[in-house]
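Number of protein chains: 6
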Amino acid sequence: MLETWLDEDIGRGDLTQAAIDSSKNKHAYWKCKQDGIFCGGELVRCLYNHLDSSVKIDLKKADGESFTLGERIIELHGPVYSLLAGERTALNLAMHLSGIATATKKLVSELQGTGVLLADTRKTTPGLRQLEKYAMRCGGGINHRLGLDDAAMLKENHIAWSDGIDKSIQSLRKNIPWTSKIIVEAETDQQAKEAISAGADGVLLDEMSAKHICMLVPHLRALAKQMSRKIMIEASGIDPKEIKNYASTGVDIISTSAPITKSNWIDFSMRFNENGEKN
Amino acid sequence: MLETWLDEDIGRGDLTQAAIDSSKNKHAYWKCKQDGIFCGGELVRCLYNHLDSSVKIDLKKADGESFTLGERIIELHGPVYSLLAGERTALNLAMHLSGIATATKKLVSELQGTGVLLADTRKTTPGLRQLEKYAMRCGGGINHRLGLDDAAMLKENHIAWSDGIDKSIQSLRKNIPWTSKIIVEAETDQQAKEAISAGADGVLLDEMSAKHICMLVPHLRALAKQMSRKIMIEASGIDPKEIKNYASTGVDIISTSAPITKSNWIDFSMRFNENGEKN
Amino acid sequence: MLETWLDEDIGRGDLTQAAIDSSKNKHAYWKCKQDGIFCGGELVRCLYNHLDSSVKIDLKKADGESFTLGERIIELHGPVYSLLAGERTALNLAMHLSGIATATKKLVSELQGTGVLLADTRKTTPGLRQLEKYAMRCGGGINHRLGLDDAAMLKENHIAWSDGIDKSIQSLRKNIPWTSKIIVEAETDQQAKEAISAGADGVLLDEMSAKHICMLVPHLRALAKQMSRKIMIEASGIDPKEIKNYASTGVDIISTSAPITKSNWIDFSMRFNENGEKN
Amino acid sequence: MLETWLDEDIGRGDLTQAAIDSSKNKHAYWKCKQDGIFCGGELVRCLYNHLDSSVKIDLKKADGESFTLGERIIELHGPVYSLLAGERTALNLAMHLSGIATATKKLVSELQGTGVLLADTRKTTPGLRQLEKYAMRCGGGINHRLGLDDAAMLKENHIAWSDGIDKSIQSLRKNIPWTSKIIVEAETDQQAKEAISAGADGVLLDEMSAKHICMLVPHLRALAKQMSRKIMIEASGIDPKEIKNYASTGVDIISTSAPITKSNWIDFSMRFNENGEKN
Amino acid sequence: MLETWLDEDIGRGDLTQAAIDSSKNKHAYWKCKQDGIFCGGELVRCLYNHLDSSVKIDLKKADGESFTLGERIIELHGPVYSLLAGERTALNLAMHLSGIATATKKLVSELQGTGVLLADTRKTTPGLRQLEKYAMRCGGGINHRLGLDDAAMLKENHIAWSDGIDKSIQSLRKNIPWTSKIIVEAETDQQAKEAISAGADGVLLDEMSAKHICMLVPHLRALAKQMSRKIMIEASGIDPKEIKNYASTGVDIISTSAPITKSNWIDFSMRFNENGEKN
Amino acid sequence: MLETWLDEDIGRGDLTQAAIDSSKNKHAYWKCKQDGIFCGGELVRCLYNHLDSSVKIDLKKADGESFTLGERIIELHGPVYSLLAGERTALNLAMHLSGIATATKKLVSELQGTGVLLADTRKTTPGLRQLEKYAMRCGGGINHRLGLDDAAMLKENHIAWSDGIDKSIQSLRKNIPWTSKIIVEAETDQQAKEAISAGADGVLLDEMSAKHICMLVPHLRALAKQMSRKIMIEASGIDPKEIKNYASTGVDIISTSAPITKSNWIDFSMRFNENGEKN
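Chains as they are written, first to last, in my numbering: chain S, 1 to 279; chain F, 1 to 279; chain G, 1 to 279; chain H, 1 to 279; chain A, 1 to 279; chain B, 1 to 279.
Just so you know, the hints here were simulated from the structure itself, not pulled from any lab data.
Don't take each hint at face value.
[Stated by the list, open to error] Per label pair, the in silico range of CB-to-CB distance:
| # | chain 1 | residue 1 | chain 2 | residue 2 | range |
| --- | --- | --- | --- | --- | --- |
| 1 | F | Glu75 | H | Glu42 | 52 to 60 Å |
| 2 | H | Met1 | A | Gln130 | 18 to 26 Å |
| 3 | G | Gln170 | F | Gly13 | 43 to 51 Å |
| 4 | B | Thr188 | S | Lys31 | 44 to 52 Å |
| 5 | B | Leu223 | A | Glu42 | 22 to 30 Å |
| 6 | G | Gln226 | S | Glu75 | 37 to 45 Å |
| 7 | G | Gly237 | H | Glu42 | 28 to 36 Å |
| 8 | H | Met1 | G | His50 | 15 to 23 Å |
| 9 | F | Gln130 | S | Glu65 | 32 to 40 Å |
| 10 | S | Lys31 | F | Gly13 | 32 to 40 Å |
| 11 | S | Gly237 | F | Thr4 | 23 to 31 Å |
| 12 | B | Lys56 | F | Asn49 | 46 to 54 Å |
Small disclaimer: the values here were computed from a predicted structure and weren't measured.
All residues carry an ideal CB built from backbone N, CA and C; glycine is no exception.
The task is simple: from the sequences and hints, build the whole structure.
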C-alpha cells in the first residue's frame, strides 16, 4: 500500500521540485505539538525507504512509547526532494495512528488493575485495518478478529437468517477450519445461553447495561463449567464513558470502536535545521 | 480500491456463510442513529455492484443531503451472503465520509453570508484522499490542491531551502506546466508581499491572528492591483473555534483539516425485514 | 488469479485463431476418461465467463458429486475461438482439483463410521491453496488453518526457539486476536501435556504410532477435563496406508497432505459435436 | 508470483511471531527424506531474498543434481521470524518441483541411448507452467511449446472446425509471425501425410500404438525428403509404462504429461541447529 | 492496459465535468482530416466500453480499410461526460495506429506482385508492441517474432559472445522448446552459409546491398536443398526508399521498422451534432 | 511501467540465453547513427537497474545535451545475459524520446529571441505521456496541462454542450480546486473576449491565422488590463512550418503536437568491445 499512498499525493511528480536545489542533503525532524502515545515509526521508515533508500530515519521513540509536547520524535536526513515528497504522507499516517494509540491508552488506563482487556472491532478505516489494529495494540489494547475469515461470529442478522444458534454452530463446525473459533453476538440472555450450550467459544453481550451483565455472567460461567468448557465473555456496544462500570461485571473483554471512530489525529510537524543550528 | 477494501475484510472468505442459507434473497436497510449530512451513497452502490451485481441498492438520500435520527437511508435487496459480506466495508466507508461531510457543514454554516469559502488541506487519510475531498464538497466546502502535482505551493521548508521566493517562482514558471498555479504559504507580512510581487497566483497567511490578517489584507490587495493581477488570499492554520473571527478579515478562503482530522464517524446500522414486516 | 492463468497459456494470443472461422458458435463437452469425484465446475464457469461472457456452460455434476468413465460432465456452447482459448486452462484446473477430491474421498471412506474427521495441511501448491482446500472439502474432508494468520500453531521449531510451551502460549494470548485458537504440535507425551496445561485449544500428535496415541489420548482427555476445558486432538505425520489404525485411537481428527501431494490428476477431454450429431 | 505465494500463506501476518524472540538469528537446514533430483534451489533463494534480504541461503545442490535420503540440501541463516515465515512456501515449491524433476529423470533414463527426447505438454498446474517446464528440463526433458502464442498446433478440434489441414496451414502462414513453427496433431495416417504435404514443421502422432508408428514413420520421412523439408515427428498420448516400446519407433520426440500430472512431491523438512550442534 | 491509459489522462477526474450537464446523452463522430488506412476501431470500442458501457460505438470502417479526407469513421452516442473523458485517449490510439497501417500499406504496395512479404521488427514503442504489430498486419505486412521468447534469433552480439554459430545452434536445439525456430542474423556471406549448414530455420541478411544479396541467395538456396531443408531468407537493415530493388533479389521477406519509427499520426477529430443537424 | 515494458519483450524468457555463456561480464556501448538531442539516459539506467542491479551504466551525455553522428552516448558493463535482455527495450525508449527532444529543439530554435514559449498538447502516445512531456522539456519546450485533472480547459465540445462560457466558468470556480487554472479554447474573437470577461486564466486561439491573431491580441490584453487581471494567450492548431509567423503575433505561447506526432526516432545501436579493443 505504501506505493499507492505515495502516488496518491505525489501523482505525476512534485511540481515544487523545480524551485529547490534537490541535489542537496538536509537534516529535518518531527516536533510533537501535544502529548500522546507514538505509533507509526517503523512505517515512516519503510515509507521513506521505499521512496528513496538514501534517506536516513532515526526514531527517537519506539511505537507504543509516550511523548510530550515539544519533543522531537523523528530525525531525518537525506535529499531535499525526498524529504519533501514523503513529508505529507508520512505525517498523515503517523498522526492518524498515534491518535488511535493515544485514545486507546486512555481507555486502557481506566481498566487498569481489573484484568479486563480492551479489544477493537471491525469498524476500521477501509485500507488501514491492519495498521489501525496495530495502533490499538500499541495503545495497550488487544485485537478482535481481523476479518470475516479468521473466526466465525454469528451476529444479529446471521441468527435471524439461519435456523437458530444451535444448528448454525453445528453447520459451522462441519464447514469451517477446525482451528477457527466460533463466537456469538447475543442480544438477549436466552441467546447467550443457547450459544454456550451449542458449544460456542465466546459470547458477546451486545448493548446490555452493566447492571444486567453483572447478573448474567455468573449464570453463563456456571453453564460453561457444567459442559467442561472455557468460554470468553465480551461486552460490546457500550458507551466508552461508562467503561469503568463494565470493568467490574465479570466479563473478560470489553470491545469498542471509539479509539478509531471517535479520536482526533495527534499533531506533528516537520521542521528543518538551517546551518546545523537547532530550532 | 473497492476490491482491496472488500478483500481486507473478507480475506479468504466469510466463514459464517456456512451458517446461513445463502441462496435466499432478503431485504435490509440502513438506519441512522444520529443526525447529519450523508456522503457515500453512490460509493456503496459501486461497492455492492462490484461484489455481486444482483444486489439492488435504493438510495433514499443523495450525497450532501441531511438526514435525522431514525431515518432509513439505504434499502438493499439481494442474496443473504452478499448483503453480509459487504456490510462492514460499506458501513465503514459511509460512516467515515458522512462524519466528514457533517463536520464540514457545521463550519460552512458559520461562514454563511460572508462569501468566504471553506477549503480542505492535504491532511487526509492515506488511500482516501479523493473520497475525503469529495466528502468536504458534500458538506459545502471546496477543495485545495489535490496533490503535489496539480498546483505548486511554496511552503516554509521550500522557502528555507531555496534562493528566495522571487527566484523560486521564476524557476517554477519555466519548469512547471504553464497551466498550473503557484501559491505561497507566507508566515510573515514580508513573505506575503514578496509572493505577490513575484507573481504568485495565491497567498496563504499561515498561523496569523485574525486581527493581524485584517490589517494585512488591504495592503496585499493594493499591491496586486498595482500589478494588474488578481490574487487569492487564504487563511490557514487557524483554530476552527475562531472561524467566525477570520471570516471578516477580507480573505477569500479559510482552509482547515478539522473535518477530517477531528471529526467522529456517523453511526448507521444495517437491519433487515423478516417476513416483510417493518421494524 | 483467473486472468493470470489465462494469460499464462494464451500469452500474446492464440496463433491458431487464424486457422478457424472464429465467428461460428459451436457445441462441445467434457468427457470423463475415468471414475472420480468432481471439483472445479463453478470455477470453469467463472473462467469462461471471464474470457468471454457469451460462452454458456452447463454443469452436469455439482462439485463433490461422483462421475464415471464415459460420462459427459460439462456441456459448453459459444464462439469457437473462446472455447479453444480457455480449453487447456479450464481442463488443467478441473483435472487437478478433481484428482484431489477423488483421493480425499478414498481416505474419508476409510474413516466412515468412526466419527474421526480427515483434515488437510498447509502443504498445498503455491497459488492454489484456497482451491485445493476447497477440493478437500468436496471430497469430504475438513480444513486445517488456512494460513499463518488465522490460528497460531506452535511447531517443533517454535518450541525450540522460544522459552517453552507455557510461556509461548501466555505470550500469544496477549498478542494475537482473542478470537484465534492456539494449537501445539507435540512430538512427545510431555509436550502434549504441557500444551494442555498451558491452555492450548488443540494438540497435534506428530509422527507417533497408532499404538502410542491410543495409550496417550485418555491421559490428555483427563487432564483437559480437570481444567474444565475441551481440547481437540489430532494425529498428523501418518502414513495414509495406516489410516484405519489411527481411526480408532480416540483422536478427533487425522490430518494428511496425501490427497494433494501424492494424487494423480483425473483425465477429462474436451470433444465437440459436428452437425449436432452425438459422438 | 513470489509475493502472491508468500501472501497466500502469511496473510495478515504470522501469529506465532509473538511466541518467539524474533530478533535472534538462527541456523537451519533442509533434510532430504528420500532420494531424487533437486529442483527449486534458486527459486528458494529468490523467495527468501524477497521476504527478507538478510537471510543467507547456501545451496548444497544445484538444480538438476541428485540427492539421497538424509542429505542436507540447503543451509539457511537469518532472523528466526523470516526463516519460519518463508518455510512452508519455500518447501512447497521445492518439494513439488523436485517431484517433477525426479519423475522426469526416471522416464528419460528409459530413453537413454536411443536419441529420442522426452518432452512435456501444456498440462501444467495453473500459475506454475514456467516452473514446471523448468523442472522437466532439470530432469533431462525438453519443452514443447510454452503457450498458445509461440507455435501454432492444429489439434483435433481445430481440424474439425476448419476447412482442412492444407487450407489451415496456408492461412496460418499468412497470419502468424513467419518465425513461428506450425505443428499438426494427427490421429490418422492420412492426417499425418496431409500435414507434411501442406508444409507443417512437425507432426504429433496421437494415441497410436508403437507398432503402428513404427510402420508409419518411414513413409512420413520419405514424403518430407521428397519436398526437401525436414520434419519433426513426435509420439503423444502414450502410456508412460510403454515408453521403451515407443523409443524404437523412429520418432524424434515422445511427449507426456506424466511427470507433472502423475508424480508425488519429494519430502524435505526444515530442521535447525541449537547451540551450533549438528543434528 | 486500457485502464492505465485512461488513468493517465483522466487522473483524479476530469475537472471540466462541472461545466457541463453530464446527465445528457449526445451524438458525436470522428472526422478524417486526411486519407489513409484505418486501425484501432475495435480498440476504441473496448476503451469506451471499459469507461462506460452505455456509450454506443458504430464503426463505419473495419480495421484495415481505407478512408478519405472528410469521411466520418466512427459514430458515438452516450453520456456527455463519458464521450469527453475518453476522447483524447481513444483518438491518440487510433491516430497513432492508423499512421502505422497507412505507412505499411505504402511500402507493401511497392512489393505488390513480387511475392515478397514485408515484416516488422522489435523496434516498437514500449507498451504498444502487440498493437503496433497488429497495425502492421492491418496495413498488409506480416509479423516477425513477437518477443525474445517465441523464436531464437542469433544476432551480431550473440555470435560475438558465443563459441560460433554451429555450437550456438546445437546448444539452442537442446535447450529451447523444439517447437521454436532458430534464426540467424548474418552480416557476411560466411555467416549466412554457416547458419544454413548448422540447421537454422531462417537467415537475415543484414545491411547488405541489393546487388550483393542477389548474388548470394542462389548459393544459400542450393546449400539448403543439399541438406533437404527449407530455409527462409530475409533482407533487413535496408533503406525503405530502395525497397523495390530488394524485392527482386530472391529473398522471401523484407523487414523494416520504418512504419513504426518514421511515420506520422493520421489526423482525426471528434465533432458533435447539435440539434440533430449535420456539420 | 518499466517492468511491463521489459516483460513485453522478454516474455517467458530470452531463448538465446542458451547460446551464450551468460556468466561472463562484458563491455558494450551505444553509438549514435545521426545528430540530435539526447533524452532517456536516466531512464535507461533505471531500466537496467530494475532488470539486474549489477549492470553498470555510464552516461556520456545528460538528458537535453546534443550529440553527433558516431559519438558513444552510453557505456554499459555487466552480465552478457542482462545486457542483451534489456537492449531492445532500452534502445526503443531512448530512440523514441530522443526523436521528440530533437524535433522540439528544432522548433524552439525558430522561436529564439522572441520570448514566445513552445508548449506540448495532450496528443501523446498512450502510456508514455509523462516521458514524452519530459522529452519536450529536454528539447527546450514547456508543458501544457498534464491531464484532465490539473487544469480545466473548456474546448469546442464543452462550450457547445454547456450554457455558455460565462456560466461554465462560474460553475467551475465553485466546483474545482481553487488552486486550478481555467483555460478556454476560443475559435472566434467573441469567444476569446467572453473568456477573459468571465475571468479565465488563459485563452487558446485555435486554428486562427497569424495575421488574425496579430490584430486580436491587443484587444484581449486591453480587456484583461481593464479587469486588473493577467491573461496568458496561446496560439494552437498551427502548421509548424509557419511557426515564425506566429512568433511575432504577441502571444505568450505556441502549442503543437508535432514533435510527438510527426517526428522520427533517432537511431542508436548497441555495440560491444571484444578483447577490450575499441571499435
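Evaluation of the provided hints:
In this structure, Glu75 (chain F) and Glu42 (chain H) meet the distance hint of 52 to 60 Å, their C-beta atoms being roughly 57 Å apart. Checking the proposed 18 to 26 Å range against Met1 (chain H) and Gln130 (chain A) shows it holds: the Cβ atoms sit about 22 Å from each other. The hinted window of 43 to 51 Å between Gln170 (chain G) and Gly13 (chain F) is violated, with their beta carbons roughly 31 Å apart. Remark: the range hint 44 to 52 Å for Thr188 (chain B) to Lys31 (chain S) is contradicted by a beta-carbon distance near 56 Å.
Separated by about 48 Å at the C-beta atoms, Leu223 (chain B) and Glu42 (chain A) break the suggested range of 22 to 30 Å. Under the hint 37 to 45 Å, the C-beta atoms of Gln226 (chain G) and Glu75 (chain S), about 56 Å apart, miss the expected range. Remark: the range hint 28 to 36 Å for Gly237 (chain G) to Glu42 (chain H) is upheld by a beta-carbon distance near 29 Å. Distance hint check: the CB atoms of Met1 (chain H) and His50 (chain G) are about 19 Å apart, consistent with the given range 15 to 23 Å.
Evaluation of the 32 to 40 Å hint for Gln130 (chain F) and Glu65 (chain S) yields a pass: the beta carbon distance comes to about 34 Å. The supplied range of 32 to 40 Å is broken by Lys31 (chain S) and Gly13 (chain F), whose beta-carbon atoms lie about 46 Å from each other. The hinted range of 23 to 31 Å is satisfied by Gly237 (chain S) and Thr4 (chain F), whose Cβ atoms lie roughly 28 Å apart. Against the hinted window of 46 to 54 Å, the Cβ-Cβ separation of Lys56 (chain B) and Asn49 (chain F) comes to about 51 Å, which satisfies the hint.
Hints 3, 4, 5, 6, 10 from the list above are not met by this structure, while the remaining hints are.
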